Amino acid sequence: MSLSEIALLVKGDVSGDPDLKISGVSEIQNGKPGTITFLGNPLYGKYLDNTAASAVFVSKKTDLKDHDGIIVTDPQLAMAKTLSVFYPDKKPPGIIHPNTFIHHHAKVGVDVTIDPGTVIESGAIIGDGSWIGPNVFIGANISMGTNCKIYANTVLYHDIVMGDKVIIHAGAVIGSDGYGFVNDSNRQVKIPQVGSVLIGDNVEIGSNSTIDRATIGNTIIGDMCKLDNLVHIAHNVKIGRGCLITAQVGIAGSAEVGDFCTFAGQAGVVPHVRIGDNSIITGKSGVTKSLSGNEIYGGFPARPIKEQHKKDAILIEVSRMRKQLDQLIKG
Amino acid sequence: MSLSEIALLVKGDVSGDPDLKISGVSEIQNGKPGTITFLGNPLYGKYLDNTAASAVFVSKKTDLKDHDGIIVTDPQLAMAKTLSVFYPDKKPPGIIHPNTFIHHHAKVGVDVTIDPGTVIESGAIIGDGSWIGPNVFIGANISMGTNCKIYANTVLYHDIVMGDKVIIHAGAVIGSDGYGFVNDSNRQVKIPQVGSVLIGDNVEIGSNSTIDRATIGNTIIGDMCKLDNLVHIAHNVKIGRGCLITAQVGIAGSAEVGDFCTFAGQAGVVPHVRIGDNSIITGKSGVTKSLSGNEIYGGFPARPIKEQHKKDAILIEVSRMRKQLDQLIKG
Amino acid sequence: MSLSEIALLVKGDVSGDPDLKISGVSEIQNGKPGTITFLGNPLYGKYLDNTAASAVFVSKKTDLKDHDGIIVTDPQLAMAKTLSVFYPDKKPPGIIHPNTFIHHHAKVGVDVTIDPGTVIESGAIIGDGSWIGPNVFIGANISMGTNCKIYANTVLYHDIVMGDKVIIHAGAVIGSDGYGFVNDSNRQVKIPQVGSVLIGDNVEIGSNSTIDRATIGNTIIGDMCKLDNLVHIAHNVKIGRGCLITAQVGIAGSAEVGDFCTFAGQAGVVPHVRIGDNSIITGKSGVTKSLSGNEIYGGFPARPIKEQHKKDAILIEVSRMRKQLDQLIKG
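Protein chains in written order, with the working numbering: chain V, 1 to 331; chain Y, 1 to 331; chain L, 1 to 331.
Same shape as in the complex, but just chain V:
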């Protein structure tokens, strides 16, 4: 592709040679001749001068210096679009391997690929164009939408409803029993977990993450949510649309999360709280009370980040007070 063709694709403006041939994408610090790279995070500006990449996506023309490039609103988005063209998704072959175990009451759609060792139970529905990797378990009465991608060794318990274009990475477990026990004269009695899990369209779930089924009712993951690896979502949690939940986050039972919230790594949420739309929860924070939303929250207990900073400032304040107090005492 020429630089001008890429500019058209990403709705950007060429700076330099519009006919420059680009054959791939590379990292700015390991730039390769003939490829385009991008300057997203300003931290990486230092690599620009010496990059061997032939062109650069930037958001400001001045960043280009004497490189060829394309000016766009969002260089990362431009890179994402360019990658999709140079490395298109491989179409799965649409073949069901003979060494699979598909119950005769399961319903498999058109153009479905199922790899060896996979077990599909009675009443399960696999939507058209879906790809199910090897050694996957799909429990009874699961309803899976179209064009889903379920990687190797994933386990989906019974009675789960999934939308279209859901991606589940390897080793994730969806629909296991919620953690529900009640003490009966020093015996831990298991509360039967008879609810379900609903997963919206365009959801992506990371490797080895776990999402428990509801005790009664539903655990819900809204459309377009993106979960990273080793995330834990407990029973009866309800998550809105477009949330980003990064690695090792845990959300406890019956918590409710609004739309377009972001959770940074290793954050946690206690049971039964509600987190408003557009909340950003910083890394390692612990949400212990309901939060109204549209704000950045941090710390444990999590509070608006401004207050959290105030708390940190107190420590500096104390050493100032120490000096003033010493002067007063000296007289």
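Derived from the structure by calculation, the hints contain no laboratory data. Small disclaimer: the values here were computed from a predicted structure and weren't measured. Careful: at least some of the hints might be erroneous.
Same chains, same label: a pair holds when it works inside one copy or across any pair of copies.
[Stated by the list, open to error] Computed list of lysine-lysine pairs in DSS-like fashion (alpha-carbon distance at most 30 Å, straight line): (1) Lys165 to Lys91; (2) Lys107 to Lys91; (3) Lys310 to Lys289; (4) Lys61 to Lys46.
Put chains Y and L on the given structure of chain V with help from the hints.
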């Protein structure tokens, strides 16, 4: 079932129509006609007025207002018992799938179910009535008690001893090598992990949790312990009876935990400490020293929660001191 | 083996009877007659008097009291070497099970063992002497070195390069998509993850850990790194040689870690920072800025442990100031 029959089951007192027909259980906020719900957490009291459920388990008669219901000591326990009646555990078929790989020196009990793709090694013993899901690995010389339930894609390494009625959720790994290395002139030398894992009766282990085998001796999970998802138990840890260990908790090597302890989410324990009986460790806490027990501990380093609160109070104290000091300085 | 033969093996000095017969290794607190134990951690000194073990590895002769034993520089290292002799690694049989699914364009070396249910895709290379457990997935174009050990239900996505003697424990997932999304007018757009993962020689990876492939370029785990269970390594992370990364640690995207660093349990690292050689990151710490190395860091944000202790000291200082201020106010 009639309301009076349910009252008999849960040892409660009917308030309202004893002949009311109940056909299931529902959530209070999504109550369904013909079902019984429960008021456990007072947070959910606000849903009582408008619930469409036909009856409610409560602990105080006044909570019922004009609803039919049953008064019990523990509404959550009553609900657990009622769920067990309406949604009884499905009995597995007791069939060993032909596509399984069972060593001729393994010993499989009566009424055992084994699903496709599962591998059972030499010397393993599977107790009567157990159900082994698909694509499970059961290593050599494992001794599994009766009526165990091992979900899909679980991995049990060799030489593990398990009690009766153990439930292991999908993707859990039991008996992998403990994390033991020793530095020998800048080479990390692996310490062979030749010990075992003992798991008591009625233990439940969550999805994708990991329990390592001992270096020498045993890693021990006592009777009736309940582990949530993504929990890590290191080599040579010893856990007493009836402990509740919630999601993403990590307990490091050779730590000892007494009976009936509770760990809230994402708590951690350093190696070699001892935690006394009936300890409650709050979420995200880090236990760095031995704790005597019978108390709630929080923070990092974890201390009795009263002291932890004192630490938080200091921050409020500082701003009061600031004002007083300003007045003194002004004169 | 006699005590003198063991002393030769571990380069130590016998104290007591050199002809004493030793037939195994035991824990000091559960010592068994006829075995040797070791005193590594001084915490365990209290068990020495009553241990039933016949001999003890110690670092100081005086620690032995009246026990037979061997004096060595590092008792733990001596124990590791002795365990390797008494419990040598079992040689896998070198048999490829007929119920495996190996693409005809995969290249399997000499003396390779492959257990049932395992799938190996086109272009994969399995080095000589490697053992692949049951129900493993090995993606296309993976290059695996010699004498690797891949435990049950592990998933390796495509295009990964692994060195020799790599051990991967059960349920680990290597090469899943990095967590990369970019917002395009309230739609989360997936950034294609087209990079790779490089894993050095002698690396060990714990159960259910996850290592993501790079967006572009490589995620790198250096030679001799040892990862514990449930560790998360994000896309484009680069880790040097000989690092120890314990359970439930998370390292976010594009972070760089030097050689011989240690991360204690549940620590976290934000994206794009650089951690210098020989850093020790204490448990539950959160690294938010680059660290120069050769030091112990703790807290959140992580700073040199000396400063972290200073912060804790402030809290004690405040109560002293409170008293002084009260006296001043009283006059």
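We went through each hint and held it up to the structure:
In this assembly of identical chains, Lys165 and Lys91 lie within 30 Å of each other by CA distance solely inside one copy; the values are 14 Å within and 34 Å between copies. In this assembly of identical chains, the alpha carbons of Lys107 and Lys91 lie at most 30 Å apart whether taken from the same copy (21 Å) or from different copies (24 Å). Taking the shortest Cα distances, Lys310 and Lys289 sit within 30 Å of each other both inside one copy (19 Å) and across copies (20 Å). Within a single copy, Lys61 and Lys46 get their C-alpha atoms as close as 16 Å, which meets the 30 Å cut-off; across copies the closest is 57 Å, which misses it.
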